[in-house]
Each structure stands twice: as structure tokens, then as C-alpha cells.
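Peer 1: Top to bottom, those sequences are chains A and B. The opening position of the first sequence corresponds to residue 9 in this note's numbering, with each subsequent residue numbered one higher. The opening position of the second sequence corresponds to residue 235 in this note's numbering, with each subsequent residue numbered one higher.
Derived from the structure by calculation, the hints contain no laboratory data. Do not take every clue at face value.
Straight-line Cα separation of at most 30 Å, DSSO-like style, residue types lysine-lysine; simulated pairs [unchecked claim]: (1) A:Lys342 <-> B:Lys329; (2) B:Lys726 <-> B:Lys479; (3) B:Lys342 <-> A:Lys342; (4) A:Lys224 <-> B:Lys342; (5) B:Lys679 <-> B:Lys477; (6) B:Lys513 <-> B:Lys329; (7) A:Lys224 <-> B:Lys726.
All values reported here derive from a predicted model rather than from experimental measurement.
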Amino acid sequence: MMSRAKRTLFGEWWWTVDRLLLGSLVALVLIGIVLLLAASPPVAIRLGYEPFHFVNRQAMYLVPALAVLIATSLLTPRQVRRVALIVFLAALALVFATLVVGAEIKGARRWISLFGVSLQPSEFIKPALAVLSAWAFSESARRPEMPTTFLAMGLLLVSITPLVLQPDFGQTVLIVLVWCSLFFLSGLAWFWVAGLAGGGAVSVYAAYQLIPHVRKRFDSFMEPGSGDTFQIDTALDSFARGGWLGRGPGEGTVKRILPDGHADFIFAVAAEEFGLVLCLAVAAMFAFIVLRALLHAQRDEDPFMRLAISGLALLFGLQSTIAMAVNLHLVPAKGMTLPFISYGGSSLISLAYGMGMLVALTRRRPRAESIAELEHFQARLAGARA
Amino acid sequence: MNFAGVRDLTLAWMRWLDRSLRPSVSAQTTRARIGMVGVAFAILYLVIAGRLISFGFVPEDYFGNRARVRASDAVSASRPDILDREGRLLASDIKTPSLFANPMRIQKSVGVDEAMELITAVLPDLDNAETRERLSARKRFVWLKREITPKQQAELHRQGIPGIGFLRESRRIYPGGAEASHILGHVNLANAGAAGIERWIDGGGLAELHQAGLASGRSLEPVELALDLSVQHALRDELVAAKDKFKAIAAAGLLLNVNTGEVVAMASLPDFDPNKPGKLETNQLNRLVSGAFEMGSTFKALTLAMALDSGKANLQSSFDARQPLQYGNFTINDFHAQRRILTVPEIFTYSSNIGSAKMALAVGVEGHRAFMKKMGQLDRLRTELPEGTDPLVPKNWSELSTVTIAFGHGLSVAPLQAAMATAALVNGGKLIPPTFLKRSEDDAKYLARQVIKPDTSEKMRYLMRLNVEKGSATRAEVEGFYVGGKTGTAEKVEKGKYVKNKLLTAFMGVFPADQPKYLLLVMLDEPQPTPESKGQATSGHNAVPVAGKIIARIAPLLGLKPRQDLPVAERLLTPGRQAAN
Chain A
9 MMSRAKRTLF
19 GEWWWTVDRL
29 LLGSLVALVL
39 IGIVLLLAAS
49 PPVAIRLGYE
59 PFHFVNRQAM
69 YLVPALAVLI
79 ATSLLTPRQV
89 RRVALIVFLA
99 ALALVFATLV
109 VGAEIKGARR
119 WISLFGVSLQ
129 PSEFIKPALA
139 VLSAWAFSES
149 ARRPEMPTTF
159 LAMGLLLVSI
169 TPLVLQPDFG
179 QTVLIVLVWC
189 SLFFLSGLAW
199 FWVAGLAGGG
209 AVSVYAAYQL
219 IPHVRKRFDS
229 FMEPGSGDTF
239 QIDTALDSFA
249 RGGWLGRGPG
259 EGTVKRILPD
269 GHADFIFAVA
279 AEEFGLVLCL
289 AVAAMFAFIV
299 LRALLHAQRD
309 EDPFMRLAIS
319 GLALLFGLQS
329 TIAMAVNLHL
339 VPAKGMTLPF
349 ISYGGSSLIS
359 LAYGMGMLVA
369 LTRRRPRAES
379 IAELEHFQAR
389 LAGARA
Chain B
235 MNFAGVRDLT
245 LAWMRWLDRS
255 LRPSVSAQTT
265 RARIGMVGVA
275 FAILYLVIAG
285 RLISFGFVPE
295 DYFGNRARVR
305 ASDAVSASRP
315 DILDREGRLL
325 ASDIKTPSLF
335 ANPMRIQKSV
345 GVDEAMELIT
355 AVLPDLDNAE
365 TRERLSARKR
375 FVWLKREITP
385 KQQAELHRQG
395 IPGIGFLRES
405 RRIYPGGAEA
415 SHILGHVNLA
425 NAGAAGIERW
435 IDGGGLAELH
445 QAGLASGRSL
455 EPVELALDLS
465 VQHALRDELV
475 AAKDKFKAIA
485 AAGLLLNVNT
495 GEVVAMASLP
505 DFDPNKPGKL
515 ETNQLNRLVS
525 GAFEMGSTFK
535 ALTLAMALDS
545 GKANLQSSFD
555 ARQPLQYGNF
565 TINDFHAQRR
575 ILTVPEIFTY
585 SSNIGSAKMA
595 LAVGVEGHRA
605 FMKKMGQLDR
615 LRTELPEGTD
625 PLVPKNWSEL
635 STVTIAFGHG
645 LSVAPLQAAM
655 ATAALVNGGK
665 LIPPTFLKRS
675 EDDAKYLARQ
685 VIKPDTSEKM
695 RYLMRLNVEK
705 GSATRAEVEG
715 FYVGGKTGTA
725 EKVEKGKYVK
735 NKLLTAFMGV
745 FPADQPKYLL
755 LVMLDEPQPT
765 PESKGQATSG
775 HNAVPVAGKI
785 IARIAPLLGL
795 KPRQDLPVAE
805 RLLTPGRQAA
815 N
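Only chain A is shown next, with the shape it has when bound in the complex (with noise of 0.2 Å):
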């Protein structure tokens, strides 16, 4: 199909992409619009649609999103670095706008509308901000005239404040999260890394003293049946009936009554209809994508390279991880959607830009390969003096 001998830009592409890495994110879309085949029409009846609405949504935002992460996943490091940058200042943009003109949906101000669309332009942030955020640490040894860690600081400031204000407190955690990682990634003193540790665990006990629904949601997870737990309860329940193998497609019952079955629970509609022999395949695929990608990021050359990539694969990472032990219960109740799996267009999209630059980055380059074959030989020369 595609010759070696000519040097298309598809062609390139093609033969220095990480075709695994890329097959397991399509593979995981695709997965993700037949679990929401099964869990969003009662939640569409619900709320007065008809019942394929959220899927139909969702299916017409796949073809953009596949285009953005072929896209995405062409461009040269120094390129993403640069979209990166246009991206996160746009989003930002959109993001302080939303608090000023955006449509409150459940308590919080989150989505604009731009061109007939609506966004949720703090989906985009994220995936810039990590990109960003390597690029500052890792110009701290090349550049020490320049403040970079009092930078990448201000690019963490001014991303969460929106958030904060939204009220938006999963995205901030995670956006945190990332950027504490990335910190501790490139290499912050033990002292400094013992301090951010200890800093973390003293604003998470002040929002516990503080921000009476942190707390609430503690206490439940702490001692169910305390609190509003009906969610968490049918989720439960949603694994145990389905069992190994799940009571078949449109057979799950636990759908018709949780509220966020399309969204943040659909992990456990899944678990309801398809099993946990799927679930375990879901979670095996995003596990292979986060560790695979991190196992890239400890082989490149490249400083940038490093961080970038392992700050997109924690954010998938993390994210998944989260999701999924909030339906499993394993942490307290935190809204937070399953990467490609959950319902949401901004999202699909925002992850499709995320992954697309994880791809990007994962291609294989000669430069790199080349100076890894010479450090290669330097050890052994070296190995042999000795």
C-alpha cells in the first residue's frame, strides 16, 4: 500500500508512527460509541429526546475528531509546540469568556457557544497546558537566565483560576495533578518534592474543613448510606449483575435509573450489559496506552520529548484512572469522564488534540535513533576499556 521508497508525508507518516498505540485509540473510540449505543437512550428519554440523540451527537463528532487526531499526530515536535501555544491561548480566551457569557448548566458556568457549536473550551487547556508546561521545565537547564519555573507556575495560575471560579474542581485536581507530575518528572530536588507532597496534603485536608460538598462526599465514601449515595449504589450494583459476561446488549436494567449512565458512570452500564471481562479489556487498553506511551517517553533523547509525552500520557492516564475507580468506588464520588468512552463532543475533541500530539511525539525520528545508536556504542567501547 504504502512504499518505503517514496517520501510521501503520509507515507512517512505511516511508517514512523506507532501503529499499536495508534490502533488501540481508535480502537478505543469505536468502543466507546457502542457502549454509548447501549447507555444513553434511557438517558436521552429522560431528558425528552429521542433515544439515539447523545449517540448520533456523538457520532457526528467522530469524524472531526478522527480528522484532528490524524492531523495532530502529523506534526513535528517543534509544530506541536507551536499549536500547543496558539491553542492555549485561545482556550484561555474562551474559558475567561464563558465566565462572563456562558450558559450555566447544572450550577456552573462551562460551555460557549461558538459558531452554533457548543464548547467547553477548559477541555482544551488541559492537553496545551501539559504541553506547555514540559516545554518551561525543560528549558530550565538550557536557559538559566530564564525564569522557567516561575513560568511554567503562571501557566498553571492563569489555567486554573477560571477553573476555579467556574466552579470546575475535578478539571483544577487533575490540571494539578499534571503539572505537579511534570514537576516532579524533570527532576525538582526530593526537598522541594517532599514539600509539594506535603502542600498537597494540606490543601486537600483545608478543602475537606472547607468546601462543605469535598466534605460531604468524603464522609460518604468514608461510611456509605450517610449521604447522597444512590449513585455510586446502583453503579455497584450495575457490576454485580452483569457479571463475567454481562446480561447482553439492551439488557441492562441499572441504566434506566442513573442519572449520568451516558457520562460519568458509563463504565458501570457497561459492566451492566457487556460484563467485566469487557471492562477488564477497557481498562487493559487504556493501561497498554498510558504505560506504552510512557515507556516512549523514557526512551527519547529529548528533554521536551520526555516531559511532553509523559505529561499527555498522565493526563490520560489519570483521568481514566479516576473515572474508573469513582464507578468502582475505590475513591470518593468525582465527576469524571472515561477518555473516548463518555459521552461529550468538546471532550471527544480535546482528546482527540491530546492524543494526536502523543502520537506526534511518538513517532520515530533518525535523528534520535541515530544518537541512541552512538550512546549505544560509546557504553560498549567504554564497557570495553574497562
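Keeping the supplied structure of chain A fixed, place chain B upon it in accordance with the hints.
Peer 2: Below, chain B alone, put in the same frame as chain A:
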């Protein structure tokens, strides 16, 4: 300290901070730390996988949360509409809200006392002690009140009590009330079929659909019955009047399409309102389906048909009815004793017990038994209705059994069963299992079984018509509709003895007798004499005239046109086989 000093110190501190915080970005450190992150993620995913696997080994109801799911299943359960043969609505679903509570949540929030106060303010008729007990339970789901009004729901909603909620519940309504109660049956509180066609609907897989969560909110195919609501109303209306007039303890009527087996109307009084079935008394059971009765003289039609069909007798045959029959302590006598030799038509019109017994004996005990078996009188009749009864068949079928069963005693069957057999006698000899669902004549043909010769059926039409022209059923005649039929009066058995003044009267009528379309069965349980009947309470004085009234009312509804210049009974017989008299 001056301004410059502060600035210098701050800048120095910042510089130190920048240097101290500045990450090394060494390949070695980053690689090692990415490895740590990878291991952490691997552990996280393994924990998730472990948790998932653990769910494979827990029993399904481990979380004790099933009550809510079950309730929610039942609540959202929808049932198909039930329509009559013209598409008129007999039963349908309406949605009403029901109130439930999460007691543990109420206990942790506002407390039971305050919740009680708020709830009873809107629902004053709620049982205080019981509600308090429910709210104090260590449960997460209890019902507080089923089927509240939308207004009450709105008021409760406005109070904002945490831990209470509403589920929309389907409630079954029967716009006709008691009209067709015994056919429709009713549903229980969980909206599951409890009796009648409603129960049959559940048996047809609806319950499984509900379990799977599929049948809710979807439009289910309506169930079309054979019933004609306007005919049903007329029939029931006349039975109500008759039950009242003759002070009977019960009255029942059944209209069967003899060519399709469809039950077009059926009423058994006293009946009930399926909208609020409550606890049904024995007296309210459906006598036509659930009751087993000695059908009395109406059974003689079967005996005569058997004798004629076997060739052991023809219309010209005669039997000696001068002497009562003696069997041990039993003396078989005639009610309208003629004390002479009777021809076959005379045996029918005088309703001679002696004559029918002798005709049955002419066929023989075994032949009689086999014939009754063939006519479906010895086995339980299965219809769509879950109700029914086994016939009471004598354990040792002796000669005496044959003698008594010949005139309708000693064998108790469901009246619907007897009607099915009688229909076969006049429809050309085809036994068609009765149905409560709509059925075409073509479908009926597949189910039909030829039990007597068409020729015998023709003779039976003649005898039935003759009996209305000059026999015991003259009061059933309706001008222009050519009614035929057989009366029956049976003494009821109490403590093993027949009681003279406790009668079960019946009339089995067919119309039009020359080309029967419908069979009408009317039964009265313990009818009392009226002034005009001069102390008599036999069938001819009550069941027969009631049947006449019913036919006069329903025949036009059934699309039958009154005819003129109708032939006398004899003309029903094919030339050459005409009766001698």
C-alpha cells in the same frame, strides 16, 4: 531598612528560589522518575482490574440495594391496552407518581420527626405509626404511598425534604368498570396480571420482558379480544335485571360464535370492578369457566345427537316412556310425564328423562363414554383464561352413570365446555375450542375437529327449532330471528342429595336456527317463582324468557337482520329425511 534594601533582598531570595526550584532535567533522573510513574500507573490499573475481578465473585444481591431496582422495574412496567373486537378500549395504563423515601438519608439529615411533619401536612390520611416505623428503618428504600396525585407530588416536591423521591408508576384502569370483569380479570399492586386475560398477557412473556427491562415505556401491541362491548353490555344489563327479578343468587350468560369459537360476550353475576378488585368472594367467581355444574336437560341435546349419529336411532325411532326406570334406590321419572311411547322429537320437546336414558343405553355405556370424551366433556377445558375447572366425572362409569348423564346429571362440567359441545351439534358437527381472542373462520377451521356428521347436525338444528316452536322453550322466540334451543332445570345437590326447591335453570339457545351463527347460554342460580309463573321456577319461566329478551337486544347489534316468511322447523330437514310427524 530602605526601599533598595527590600528590593535587593527580595530579588536575592527570588534568585535563590529559582535556582533551588530549577529542575535538573537530567536524562537519568527523568528516566528513573518516568519509571516510577509507570510503576504507579501499573499498580493503579492492577487495583482497578482486581476490583473488577472481585465483582465476578460476589452474589448478585450483595449490595442489598435490590429493593429499589425491583421496585423501579415494577413501577415502570407497562401493559398493553386491551381492546374489544371493534377496537374499543377495555383496559389501559395511566401513569401516576408514587412516593418513596430513603430512611437512612432522612435520619441523617432532617430527622424522622420533621420529615413526618412535612409529609403528613400534604398527605394527612397517611397512617402515622406505620409511616414512622418505615422512616425509622435502617433501609435505603421504602414506599410511603403508592399513587398520589400530581398536586400532592408538586407540594411534596416544594417542601424539599432530602431523601424522598417519586417514581412514576403505571396504573391499570378499566373504563368499563365491571362490564367485562370476568374476561379481563385484574392486576395486582405491582401491575402484574392476577386473573383473566391480564394474567394470560403476563404468561405470554410480558413478565420476562419486564424482568429484562424491555417492556417499559414502549408501545406494546394492544390485545384484541373477541368480545363485543355493546353486546356484552346488553347481555350483562339483561342478566342484572333477571337476577333481580327472579331473586336468583347468581346469573350468568355467554354468547359464543358457533363458527369461530369466539366468546363474543360473557358475564357472570355477581361480578366485580377490576379497578378495585379487593378480595373476591367465592360467589363472585366466574361460574361459566370456574364452576362445574350438572347441566341438566340441556345435556339431552348431546345424548340425542349421539344416538342419531351412531345410527342406533333416527328421527322416526320411538322409545317406551311408559314406565319409570328403576336402578336400585333410584327411580328415573319424567317431569312432564307423558306415559306413552315417544318419538325422538317428542323426547326432545317433552324433555323426557326416560327417553334420553333409553337412547343412551341403545348406544351403550362404552359408546356413551367415548362420545362424551370426544365432545370434550371429560377433560378440563383450556382457554386463554387461567381460571378453569376439571369436570367431575364418575370414577366408575356404570350403566346408572350413563342413564343419569344422558339427561345431564352425574357429570359436572364448566358451562363454557357444555356450550362448546352444543355449538358443535348445530354448526355442522365441528368441535371448536372456544377463545377470548379475535379469531377468523379460517383460523377456526384449522382448530376444528369433526365430531358428528353434518347430517346429524342438520337434525339437531331441526330439534332445537322445534323445541322453540312447540316445546319447553316457546318463550325464547324472537320474531324474525328464528331461535332454537334446549332448556334445562336441574335440582341442586346439597349434602349429597338433590334439593327440590333449589334449582339451577339454563337455556342453551342458537340463532338463527336454520343457519346458526351464535349460541347463547343463560343460567340462573336458584331463581324464585314470580306471580306470573304461578309458583313455578323451571327454566321455561325464567332462563328462557330472559334469553328471548337478550336475543331481541343483541341480534341487531350483531348485524343480524330480522327475516320474514321463515320456514317451519320441518323445512330444515333435507327432503326425503323429513320427520314422519
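Peer 1: Do the alpha carbons of Lys342 of chain B and Lys342 of chain A lie within 30 Å of each other, as the hint requires?
Peer 2: Roughly 22 Å separates the two Cα atoms, so the pair holds.
Peer 1: Regarding the pair Lys726 of chain B and Lys479 of chain B, is the alpha-carbon distance no greater than 30 Å?
Peer 2: Cα-Cα ~20 Å, so holds.
Peer 1: Given the hinted pair Lys342 of chain A and Lys329 of chain B, is their alpha-carbon gap at most 30 Å?
Peer 2: violated (34 Å)
Peer 1: Is the hinted pair Lys224 of chain A and Lys726 of chain B satisfied, with a Cα-Cα distance of at most 30 Å?
Peer 2: violated (74 Å)
Peer 1: Given the hinted pair Lys224 of chain A and Lys342 of chain B, is their alpha-carbon gap at most 30 Å?
Peer 2: holds (12 Å)
Peer 1: Compare the distance between the alpha carbons of Lys679 of chain B and Lys477 of chain B with 30 Å, and conclude whether the hinted pair is satisfied.
Peer 2: Measuring from Cα to Cα gives roughly 37 Å; hence the hint is violated.
Peer 1: Holds or violated: are the alpha carbons of Lys513 of chain B and Lys329 of chain B at most 30 Å from each other?
Peer 2: holds (24 Å)
In the structure shown, a violation is registered for the earlier hints numbered 1, 5, 7, in ascending order.
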